[in-house]
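Engineer: Those protein sequences? They're chains U and X, same order as listed. This note's numbering applies: residue 1 is where the first sequence begins, and numbers increase by one. This note's numbering applies: residue 1 is where the second sequence begins, and numbers increase by one.
Hints were generated in silico from the structure; no laboratory data involved. A virtual CB, placed ideally from N, CA and C, is assigned to each residue, including glycine. Watch out, some of these pointers could steer you wrong.
Chain X stretches covered by chain U per the calculated footprint, using a threshold of three residues with CB under 8 angstroms from any CB of chain U [as the list claims (entries may be wrong)]:
(1) 69-75
(2) 231-245
(3) 257-269
(4) 392-402
(5) 412-423
(6) 460-469
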Amino acid sequence: MIKDEGVLKKIADICISKSKEFGSTNSNVLVMNSISENVNIRNKKLDGSERSENLGVTLTTYIGKKKASISSTNLNENNLTELVKRCIDSTKVTPEDEYNSLPDQELHFKGEKNLDLNDGTHISNDEKINFIKEAEEIAFSNEKIVNTNGSGFSETKTNFILANSNGFSDGYKTSQFTAYCEVVSKSNGSMERDYEYSSKRYFKDLLTPKQIGETAAKLAISKLNPKKIESNKMDIIFDKRIAQNILSTFASAISSATIAKGTTFLKESLNKEVFSNKINIVDKGNIKKANGSRYFDSEGVKIEVLELVKNGILKDYLVETYNGKKINRKSNGRSSGTTNLYFENGNETFKQLINSRKKILYINETIGRGANIVTGDYSVGASGIMIENGEFAYPVSEITIAGNFNDMFKNIILADDLEFKYSTNSPTMLVSDMIVGGK
Amino acid sequence: MSNIFKNTELDLNKAEKIVSETLSNYDDGELYLEDTKSESIVLDDNKIKSSNYTKDSGYGFRAVNGDVVAYSHSNEISEKSLINSSKNLKSTLKNNKGTYNSEIKKTNQKFYNDIDPVDEKNLSDKINILNEINKYSRSIDGTVKQVTANFLGERKNIEILRSGGELLQDSRPLVRINVSIMVEKNGRKETGVYGVGGRQSYDEFLKNDDWKKICDEAYRIANTNLDSKPSPAGEMKVVLGPGWPAILIHEAVGHGLEGDFNRKKTSVFHDLVGKKVASEGVTIIDDGTIDKRRGSLNIDDEGTPTEKTVLIENGILKNFMQDRLNARLMNTKSTGNGRRESYKHIVMPRMRNTIMLNGKNTQDEMINSVDKGIFAVSFGGGQVDITSGKFVFSCTEAYEIINGKIGSPIKGATLIGDGPSSLKEVLMVGNDMKLDPGIGTCGKAGQGVPVGVGQPSLLIDKMTVGGTQL
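Produce the complete structure using the sequences and hints provided.
Structural biologist: This is the structure:
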């Protein structure tokens with residue numbers, strides 16, 4: 001059973017009071033408990049099961065403008081005392097940094113917690129196995145699916161308390177259910193893999209085993225016997241699962257940490273046009289049941305809804321306390337990063353998008369971390385499907401796609417098919433004039 | 001004697017009873033205990049941005065029957081917790097008709113010293129050096145605008161208790177020092193990153209002001225990139241420098257030769273043992289036994305002594321890398337490649353130090369032979385799709401080659417190739433084998449483990465370069 005608030009709060013209180021006793025002027029502590037149960041199957045049969053139970057503490061102590069942290073999973077009181085002492089000793093020898101501080105008290109979250117982030121349902125191991133086995137059975141019902149890379153189901157429950165010496169003390173339970181199925185297709189000496197997955201806070205919101213199995217099989221089969229194409233300048237459509245990565249890269253380029261250091265290509269871009277004027281980007285932490293929703297960030301600061309980009313213009317950064325001070329901005333509750341980050345829908349349907357050019361390359365997989373946020377350069381390995389006259393014509397692989405975000409962002413056209421599958425979400429995205437490296 | 005048991009509420013004899021009772025009717029399994037301390041000290045933007053110390057201990061209890069693995073782990077090392085885990089394992093593995101194989105090879109081999117890099121040097125000394133690194137790096141040139149440097153240190157003690165009471169132990173030090181420098185000139189920004197590390201003390205890398213070389217190298221890469229022009233796009237000849245570019249070997253063939261993917265027949269290499277998979281002259285080994293290297297281990301995380309495993313010999317595929325589970329199911333022996341990130345993770349076959357051995361050619365011969373291509377010296381990271389064999393890696397320092405001569409530096413680009421065919425396209429193998437500087441971490445199924453790579457210079461007939469210049 002997941003530990004209840006009282007148990008976690010007691011540990012947090014010990015850390016805060018001992019820190020004070022040993023000489024800290026301020027402190028911040030996170031006590032986190034999680035229990036996770038996974039089953040993995042392969043070829044419709046149990047491959048393994050895993051149960052993990054974690055309870056840990058992370059403490060940060062301040063002495064004036066000096067700061068240091070410790071974390072540990074050994075929480076008996078003697079060990080805690082030793083660790084707090086060690087943390088204070090480290091704090092003493094760490095040089096002062098004028099920007100070190102706890103967040104402004106007025107920014108602390110104080111509200112109702114009504115976002116429905118915890119589903120108390122427990123799915124037994126047998127039920128988990130049956131769920132994901134059904135997905136594999138559906139996938140294997142297609143004769144071109146010959147193997148699996150493994151499929152799985154996991155259930156994770158967490159509870160935590162975040163407290164600081166300025167009186168903040170709060171926490172809440174969350175749940176996450178995840179099912180995935182990864183299958184291998186084979187035909188004429190070509191072997192390919194692909195997957196489908198679904199991850200939700202509520203069990204009943206998951207895709208069905210049938211949907212998961214069918215999509216995984218369809219994707220893996222669609223990649224069989226790919227061609228390598230000639231190098232060329234091309235218009236590219238990014239599948240939603242790739243488009244969301246591009247949005248994540250944008251987010252890392254507007255965090256207060258990169259802005260303060262100047263290590264981002266968007267350093268001088270506030271209130272300037274970064275995207276074409278049809279693009280709006282929102283980060284909204286208060287969507288009920290959503291994967292990215294939270295009440296406060298890792299400093300206890302309330303989460304504001306941010307309109308990061310409005311009509312193509314960059315309107316805001318993702319700010320936490322420390323780097324916010326460096327750039328004279330108040331924290332907007334993003335010390336844990338973005339929440340539910342998304343592009344608002346565009347005006348065109350998916351069909352209109354794929355019919356908008358005679359020839360478009362549809363990319364549904366990229367490989368490698370090819371985004372450089374200092375220069376904005378982008379270069380990744382990729383595979384996908386060539387679209388000709390609105391029809392998916394043939395699979396393409398072993399190619400690269402490259403460009404620079406400064407240009408790519410201005411060339412984005414979005415479809416109207418946004419859905420909240422991940423924490424970061426994008427509609428299907430068309431980007432014109434990218435360089436494809438092939439033969 | 002056992003240190004982990006000494007410091008917890010769990011009694012060794014009681015634990016041994018639970019382990020033996022639980023595992024007696026299964027094919028394999030063990031109780032893995034771990035006690036790790038680690039630190040991360042980061043200097044960023046002229047300040048010590050963070051100083052973190054972590055102490056983590058816990059156990060992972062595993063039972064294996066046939067090809068099914070049950071695993072239960074907890075950071076509460078107690079008899080009560082272990083009994084719960086035992087119940088959990090038994091509830092998963094309902095078919096308990098296995099035969100426990102208690103045989104495990106003994107070893108006294110030691111490739112690193114039993115030292116504690118975290119506590120043997122005090123925090124203020126480390127902070128002082130980071131501040132010196134910052135000061136020195138900023139003094140190299142007025143174009144240096146940002147410096148990030150960090151110290152990562154760890155000591156991991158592990159104990160493996162097998163059914164029947166055998167207890168195996170290892171104590172593993174690991175350090176890493178990284179410097180990242182951003183330069184800016186005429187409005188253009190570029191970064192250069194360099195680092196060193198291994199299973200030894202920080203001081204090994206700091207003595208005689210050796211840390212200055214780390215800064216110089218990071219600066220050199222950043223400064224080179226300031227003059228870089230857009231990279232070409234398309235298929236061309238590629239010369240790889242020695243050392244760290246061996247990420248190619250790791251991605252192109254390394255992962256595909258891990259036992260699990262081959263037992264499951266999802267690797268493109270699964271039916272190619274004894275067949276030619278690389279050009280003549282290409283020999284690749286995975287070696288866990290090199291002194292103080294990042295990927296070296298005395299024993300793996302199942303207790304098997306590590307060894308030097310020949311993967312490809314003169315172009316012919318010889319062996320896969322195995323843990324106990326996959327070895328048993330494929331009727332062979334563990335090669336000591338069973339590894340896990342921590343007690344929170346299951347064991348899988350993983351690489352150690354993966355190395356291509358020397359050939360006969362010189363780097364000059366390679367470059368002279370290329371009319372149009374690129375010379376890639378330094379890399380960020382890589383990734384592979386085991387099933388299709390496609391792999392990528394991204395250059396952080398590269399040059400164009402025109403008519404047999406090295407030309408201008410080019411911008412970072414991703415290179416993509418096909419694992420099984422790319423090693424057949426090796427045209428020349430250099431005589432200048434170098435190991436990487438000790439900074440690699442390999443990710444697989446969400447688990448990161450420290451690894452090493454090494455290779456001589458290589459000339460590859462064609463790879464696709466992901467530039468923007470057609």
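Engineer: All hints are to be evaluated individually against the structure, with a verdict given for each.
Structural biologist: Cross-check of the supplied hints:
{"no.": "1", "hint": "69-75", "result": "holds (count 7)"}
{"no.": "2", "hint": "231-245", "result": "holds (count 4)"}
{"no.": "3", "hint": "257-269", "result": "holds (count 4)"}
{"no.": "4", "hint": "392-402", "result": "holds (count 3)"}
{"no.": "5", "hint": "412-423", "result": "holds (count 7)"}
{"no.": "6", "hint": "460-469", "result": "holds (count 6)"}
Hint compliance for this structure: every hint is met.
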